[in-house]
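Chemist: If you want the building blocks of each chain, they are given just below.
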Amino acid sequence: MQHGASQPRGLWRVFSLDHKTIAKQYLLTGLVMAIVGGWLAQGMRAQLAWPYRDFPFFGLIEPGRYNALVTMHGTIMLFWVAMPILLGAFGNFLIPLMIGARDMAFPRLNMLSFWTFLLSTFVLLASFFVEAGPAAGGWTAYPPLSAVPGYTGVDLGTDLWIVAVALEFISVLMGGINFLTTTINLRARGMRMMDLPLVVWMQLVSSVLFMLSVGPLIAGAAMLFLDRHAGSGFFDPAKGGDPLLWQHLFWFFGHPEVYVILLPGLGIVAEVLTAGARKTLFGYTMIVWSVIVSGLLSFLVWSHHQFVSGLDPRFAMPFALTTILISVPFAVQLFALIATLWRGSIRYSPAMLFAVGTIATFLVGGTTGIALGASAADIYFHDTYFVVAHFHYTLFPSVILAMHAGIYHWFPKMFGRLMHAKWGHVHFWLTFVFFHLTFIPQFLLGLAGHPRRVADPLQFDLLLSGMQPYNLVSTIGAFCLFAAQVPFLINFCWSLWRGKPAGANPWRATTIEWLATSPPPHDNFPGEVVAVRGPYEYSTPGSESDWLPQGKLENADSVAS
Amino acid sequence: MNRWLPENASSYGARIDGVMELIFWIVGAWFVLVIGVLLFFALRYHHRWHERAAYVPARTLRGMAIVLVPTAVILLFDLVIETASTRVWDLVKIDIPPAAQTVRVIAKQYTWTIVHPGADNQLDTADDISELNVMHVPAGEVVHFELLSEDVIHSFFLPNLRLKQDAVPGRTIRGWFEATRPGTYQLVCAELCGLGHTNMRGRLVVHDAEGYRAWLGSASPAGGK
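Just so you know, the protein sequences line up as chains A and B, in that order.
Heads up: the first sequence begins at 2 in our numbering, then just goes up one per residue.
Heads up: the second sequence begins at 16 in our numbering, then just goes up one per residue.
Errors might be hidden in some of the hints.
Stated by the list, open to error - Footprint (simulated), chain A over chain B, 3 or more residues, beta carbon under 8 Å:
no.	segment
1	63-70
2	88-96
3	210-224
If you are wondering where the hints come from, they were derived from the structure by calculation, not from laboratory data.
All values reported here derive from a predicted model rather than from experimental measurement.
Heads up, the beta-carbon is just placed ideally off N, CA and C, and yes, glycines get one too.
The whole structure should be built from the sequences, with the hints applied where relevant.
Modeler: In structure tokens form, the structure reads like this:
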């Protein structure tokens with residue numbers, strides 16, 4: 002696994018094979034895209050509060066542009082923020098370090114995966130600058146809307162969107178192959194699968210879910226492309242096709258995708274929670290099995306996105322049933338995380354606050370999901386702001402809050418310095434409060450019947466009279482939520498150079514990555530890592546110290562590599 | 016919840032609201048309980064008040080009980096919700112009662128064309144009354160609708176009737192409703208359908224018996240019965 006000798010020099014270092022450098026490249030790209038995606042949301046919220054004003058930075062947002070904002074915000078946040086950060090950055094950084102390996106199993110494939118991702122990013126960003134702008138058919142890209150340029154007024158933008166998404170998926174697939182191979186083959190001596198830190202399990206299950214679900218969507222994207230350019234009619238009823246076919250292909254991928262994103266987030270929370278509460282994970286085996294079960298179930302729920310789509314109504318019952326069943330393994334996971342706090346000894350670092358905030362926020366997302374999974378209630382809630390609020394309550398904690406928990410927690414390992422804790426606390430509380438200020442009103446707007454993806458709520462005079470103040474509050478919340486990330490960005494940049502040197506293990510955490518120096522050298526460990534116990538031996542009875550490291554170093558190299 | 020929901024105006028609307036309410040109370044109670052426990056743990060086990068953590072790996076079923084028992088109760092409640100919901104779903108979407116008239120709804124970027132059957136209650140006859148973005152129905156009568164789309168996917172959403180159904184090109188989707196309360200209600204397109212999506216809205220006018228006759232009389236095309 003040693004490839005240190007062939008390290009490129011100078012500027013060529015950006016073409017690094019080192020999993021840690023690649024992780025940082027993913028992180029940086031993901032954070033830049035998060036700013037772009039968050040910025041687009043500011044335009045949407047401005048328009049929804051004060052339709053058709055001339056806004057600073059955005060100008061007049063006519064409905065066509067609004068649709069583009071909606072589409073690109075969703076696309077970017079899911080595929081260019083959640084995936085690269087939760088899988089690309091954390092998966093790459095943590096898997097080899099946590100299993101005591103020197104790098105990924107296929108470093109070159111890993112590098113290719115990042116550069117493919119970067120290419121996809123440029124293709125996507127380029128679509129903002131082509132004639133008629135970027136895709137405007139929603140991130141779900143339902144045909145015929147997405148299949149015929151005349152329907153959205155967008156032509157090249159949609160093609161670039163399809164190409165960018167396809168490239169991004171190829172990148173994630175390559176990453177996933179690496180994650181799997183590495184975890185299965187390169188674990189430290191003595192480390193069984195059931196000794197893996199939970200976040201590694203989560204990355205593993207995520208990668209498998211992605212691999213198994215993405216095929217149909219890639220086929221669908223190819224069909225869509227052919228419909229657009231080769232005169233085929235897979236989704237065109239006039240040529241014998243069916244628009245609902247796309248929805249099946251899309252959601253067969255789309256629902257597992259939700260868990261592809263959620264699981265690594267929950268994994269990060271588990272790592273932070275155990276270290277922060279000085280307590281062993283509650284029910285490790287139970288959690289791992291419930292994650293596997295929820296992964297399997299996630300392939301059987303997709304049509305709950307289609308209750309009122311025109312599918313035979315008799316399909317609703319079985320899919321509502323599987324949907325409600327999937328709440329069971331997730332209840333197990335959340336309860337186990339909460340039970341981990343029970344009788345702990347909690348220290349609130351910024352990471353710990355974000356971890357607890359993730360659980361609290363996700364609970365709202367999980368419970369409101371029941372209202373959407375129940376087919377009768379979904380007749381009303383479907384495609385209203387209730388759905389928008391619900392999925393932001395699932396995705397914001399698993400992507401943004403868990404990401405912040407992860408960054409504050411592993412920043413010292415990545416860069417060798419600590420982030421400023423006080424400003425971390427400020428960042429958490431501002432983010433937490435303004436998130437709820439943004440999205441609680443959207444639940445109420447949804448109850449009132451406010452449809453999603455409309456550019457002008459004032460048009461619905463009969464339905465939404467008196468509801469506009471809710472939009473206003475939500476918009477103010479969104480502006481503040483975006484601004485609340487400024488302290489984080491400043492803290493991040495400042496800490497890179499000025500943060501307190503962290504030492505190898507500032508949190509006194511048990512998992513193996515903390516055996517390496519901060520930041521770890523190219524080959525990670527100065528010797529062979531041997532796993533000697535489970536990953537979460539905190540406050541073990543009979544031990545003086547409140548933590549026992551999972552691994553130890555043997556045969557330390559005489560010359561540091 | 017009722018404060019925010021638009022006024023119900025259909026025969027099955029109250030049943031759907033009932034499902035929502037059932038979910039709200041069951042899920043709401045659980046939510047309050049769980050978030051309460053989480054908050055309590057988060058404060059009570061602060062290291063200032065709890066210096067050394069306990070060691071609870073929960074490796075046995077018995078040890079996992081504090082998680083598994085609440086989960087089993089949740090499953091039970093889930094099944095209660097699912098049963099109640101399925102009953103109402105069947106009522107709204109599957110067991111369609113007979114009706115005197117069928118109205119055709121044609122969605123097209125960005126309008127609703129509503130074809131009423133006219134006085135003879137038969138579609139595709141000379142006395143059909145076609146209206147743009149306005150649908151007229153009598154109160155207290157079951158009405159069937161045929162939903163079509165001529166271009167992209169739209170969604171026929173009458174919030175006051177608690178009715179939503181996508182219109183899909185290439186399909187004729189049938190459904191029903193019974194408006195109970197005379198009045199004028201919003202018709203919304205709930206599926207992103209292009210540039211004018213936000214403008215694709217209309218009205219449902221529910222008449223009392225007399226008002227409906229008056230509308231039929233005034234709207235019937237010349238030469239109709």
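Chemist: Look at each hint and say if it fits the structure.
Modeler: Do the hints match the structure? See the list:
1. 63-70: Per the Cβ count (6), the hint holds.
2. 88-96: holds (count 5)
3. 210-224: holds (count 7)
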